[in-house]
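Given these sequences and hints, build the entire structure.
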Amino acid sequence: MKFATLKTISGLILALAISACGGGGPGADASANRTAAGITSSGGSSGISSGGNRPTTGPNAPLTPSQPDTAPTPSTPVPATLTPAAASHFLAQATFGPTPAGIAALTTSSKAAWIADQFRKPQTSHRNTVQSVAAQLPPGILSENQVFESFWRQAAIGDDQLRQRVTFALSQIFVISMADPNLVSRPAGVASYYDTLGQNAFGNFRNLLQAVALHPMMGIYLSHMRNQKESGNRVPDENFAREVMQLMSIGLYELNPDGSLKQQNGRPVETYTHDDVAGMAKVFTGWSWAGPDKAPNRFNGNLADPNRDWTPMQNYPAYHSTSAKSFLGTTIGAGGTGETDMKAALDTLFQHPNVGPFIGRQLIQRLVSSNPSPAYVSRVAAAFADNGSGVRGDMQAVIRAVLLDPEAADTGSAKKLREPVLRMANWMRAFNAKSASGRFQIHITDDPLYALAQSPLRAPSVFNFFRPSYTPPNTSLSTRGLVAPEMQITGEPSVTGYLNFIQYLIPYGAGSARDVQPDYSAELALTGQPAQLVDRINLLLLNGGMTSTLRNQIISAVNSVNIPPPSAAFPTRTDDARRNRVYLAIVLAMASPEYLAQR
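Under mature numbering (1 follows the signal peptide of the UniProt record, and there is no 0), the residues of the sequence shown are numbered -22 to -1, 1 to 577, in order.
Be aware that one or more of the hints could be misleading.
Said to hold, decoys possible - DEER-style ranges, computed between Cβ atoms: (1) S534 to E470: 21 to 29 Å; (2) N285 to G210: 29 to 37 Å; (3) A91 to S367: 16 to 24 Å; (4) S163 to G210: 47 to 55 Å.
Claimed, not checked - Using 20 Å as the maximum straight-line C-alpha spacing, the simulated SDA-like pairs for lysine to any residue come out as follows: (5) K412 to N185; (6) K240 to A353; (7) K321 to P290; (8) K207 to K99; (9) K321 to Q292; (10) K321 to Q224; (11) K412 to R557; (12) K207 to H252; (13) K207 to R220; (14) K412 to P485; (15) K207 to P78; (16) K321 to V255; (17) K240 to G311; (18) K207 to A322; (19) K412 to S301; (20) K272 to R204; (21) K240 to G307; (22) K321 to T309; (23) K207 to S301; (24) K272 to A282; (25) K321 to A302; (26) K321 to G181; (27) K272 to Q206; (28) K321 to P485; (29) K207 to G311; (30) K99 to S87.
What the hints contain is simulated information worked out from the structure, not anything from laboratory work. Using N, Cα and C, we set each Cβ at its ideal position, and we do this for glycine too.
Listed below in structure tokens is the structure:
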């Protein structure tokens, strides 16, 4: 199924996606409705902000949203009883995508109860999955593909959805990447690192920070493994010392609790200097592979150990700097051990007032909204500072604050661009995709022309696929001081590639030998009732937020596919036409700016 005007459509979708996120080219009117190719953005100002009402959808049907509710303001309690649309909206933030069963269950429960239940669910291990597959493969075949397979398997059918979704968010803050040739050959180690993020996703941030610092895959990626003390003209490697501050804890500039920049003489105040980096770098010396001894050959990696890719690094005193170390207003006296020095350094980072707003805002961005209000950031930062029982860094308290905030429940305007990996996972979960092999053999999806322009755990650099502060140049987003991180990997080539990809994905499935296949049986049952078919797709993909304009256009397109009676000459033509109705409805929904700009 191909559209002759694919290039034209991709250009329109790109322009409308920017406008739906509050942008637009030079001279764009951010307060006006934008119409192109018959697709209208919803409401007046469609910037990434709170406020407004959910667009009207079609009549109710099983698993179809009810009439829209007015979105709550920050002072309005989130209602305990959820409509199907509200349940779908929440699950789009807290999981890899809503399912019909998940929506139905949540409408009889509450968000808080659902979160509490997810906190209790045991973690599924990606390393165990990778090693289980490795045992079935010929020697030397294990590769990064098995990490991708495990990721997609858990995204599609994993029971611990909240943990897996938060882990994916954390993997974009505490970045390692299989694009690095030093990691791509260590799939079990990379899977273990991802597990480490998941193990600490519901724990305390201080423990998460230490687990990341000591994981050998991070040690390889940011080069503090085998980092040696200063000697003569040699100075310790500063890579991890810089990034653990800049990207993983406190950021570049001092923040107020609401995430706004502190100012001094009209300029932002830097959180650290190069001297701070140099002092911190001394802390991360002497760390290398774990093992039963601390011999030089083990430090250098010359003694193989079957478990070393996932066992936390150990310190080798012979290579650790014992000089005094000063950073961020703290001084560690000379003569400390690697363990005591690291504890002091990580404690200093953990207690820094920036951590709550810096990490909290990024979690909001990954789960809910690119541009949370200062009040929203402040509430999440307060939960980080104190979980209500005097505990700092409680990730469960932070996650609750992110997902249960009234601003998260608001559906009045676009909050963020759905990143490509989440679109794919959403499709898999919405239509109950299954794997013939049981492995979900979806591999690299980086290609911007024919795939997603994004593969999990394969960011191009430590700065992730996109930066939290990215804003498309020459748009009203930039002039209004708003950001749209996901737009950094979005352009006409990648939009065209996405359209190419979904037009093959939706009818034929995904993965090696089309291993992953959707179940469209519920949708096929509605092909004679196009309005109900579109309403179901609206609920599962757009969380009930489809405008009446888009809804009517898709219904009209579905109706244009004639369903002929079967004949002896063409016995499958009736079923083929019914399938084409379903494919067309899903393609048009997933290609729409209303889907791409998540509310």
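Against the structure, the hints:
1. The hinted window of 21 to 29 Å between S534 and E470 holds, with their beta carbons roughly 27 Å apart.
2. Distance hint check: the CB atoms of N285 and G210 are about 35 Å apart, consistent with the given range 29 to 37 Å.
3. A beta carbon spacing of about 20 Å between A91 and S367 agrees with the range 16 to 24 Å that was offered as a hint.
4. The beta-carbon spacing between S163 and G210, approximately 33 Å, falls outside the hinted interval of 47 to 55 Å.
5. In summary, the hint linking K412 to N185 is not supported, as the alpha carbons are separated by about 36 Å, beyond the 20 Å threshold.
6. Annotation: proposed proximity of K240 to A353 holds, straight-line Cα distance about 16 Å (limit 20 Å).
7. Proximity of K321 to P290 is assessed by CA-CA distance (about 15 Å); at most 20 Å being required, the pair is judged to hold.
8. As the CA atoms of K207 and K99 are separated by approximately 43 Å, the hinted pair breaks the 20 Å bound.
9. Using a Cα cut-off of 20 Å, the hinted pair K321 and Q292 holds, with the two alpha carbons roughly 13 Å apart.
10. Distance hint between K321 and Q224 is fulfilled; the C-alpha atoms sit about 19 Å from each other, no more than 20 Å.
11. Simply put, K412 and R557 have alpha-carbon atoms about 18 Å apart, close enough for the 20 Å limit, and the pair holds.
12. Note on K207 and H252: the hinted pairing holds, with a Cα-Cα distance of about 17 Å set against a maximum of 20 Å.
13. The straight-line distance between the Cα atoms of K207 and R220 is roughly 17 Å, inside the 20 Å bound, and the hint therefore holds.
14. Pair hint K412 plus P485 holds up; C-alpha atoms about 14 Å apart against a cutoff of 20 Å.
15. Pair hint K207 plus P78 does not hold up; C-alpha atoms about 57 Å apart against a cutoff of 20 Å.
16. As the CA atoms of K321 and V255 are separated by approximately 16 Å, the hinted pair is consistent with the 20 Å bound.
17. At most 20 Å may separate the alpha-carbon atoms for a hinted pair to count; K240 and G311 exceed this at roughly 31 Å.
18. Taking the CA atoms of K207 and A322, the gap is near 18 Å; set against the 20 Å cutoff, the hint holds.
19. A C-alpha spacing of about 57 Å is found between K412 and S301, which places the hinted pair above 20 Å, so the restraint is violated.
20. For the hint linking K272 to R204, the alpha-carbon distance of about 12 Å falls within 20 Å, and the restraint holds.
21. For the hint pairing K240 with G307, the CA-to-CA distance comes to about 18 Å; that is within 20 Å, so the pair holds.
22. Between K321 and T309, the direct Cα distance comes to roughly 13 Å. Compliance with the 20 Å bound is thereby established for this hinted pair.
23. For the suggested pair K207 and S301, the alpha carbons sit about 9 Å apart, so the restraint of at most 20 Å is met.
24. At roughly 13 Å between alpha-carbon atoms, K272 and A282 fall within 20 Å of each other, so this suggested pair holds.
25. A threshold of 20 Å between alpha carbons decides the hint, and for K321 with A302 the separation of about 15 Å falls inside it, so the pair holds.
26. Proposed proximity of K321 and G181 is supported: the alpha carbons are some 18 Å apart, at most 20 Å.
27. For the hint linking K272 to Q206, the alpha-carbon distance of about 14 Å falls within 20 Å, and the restraint holds.
28. A C-alpha spacing of about 54 Å is found between K321 and P485, which places the hinted pair above 20 Å, so the restraint is violated.
29. Between K207 and G311, the direct Cα distance comes to roughly 15 Å. Compliance with the 20 Å bound is thereby established for this hinted pair.
30. Restraint check: the Cα-Cα separation between K99 and S87 comes to about 17 Å, which is no more than 20 Å; the hinted pair holds.
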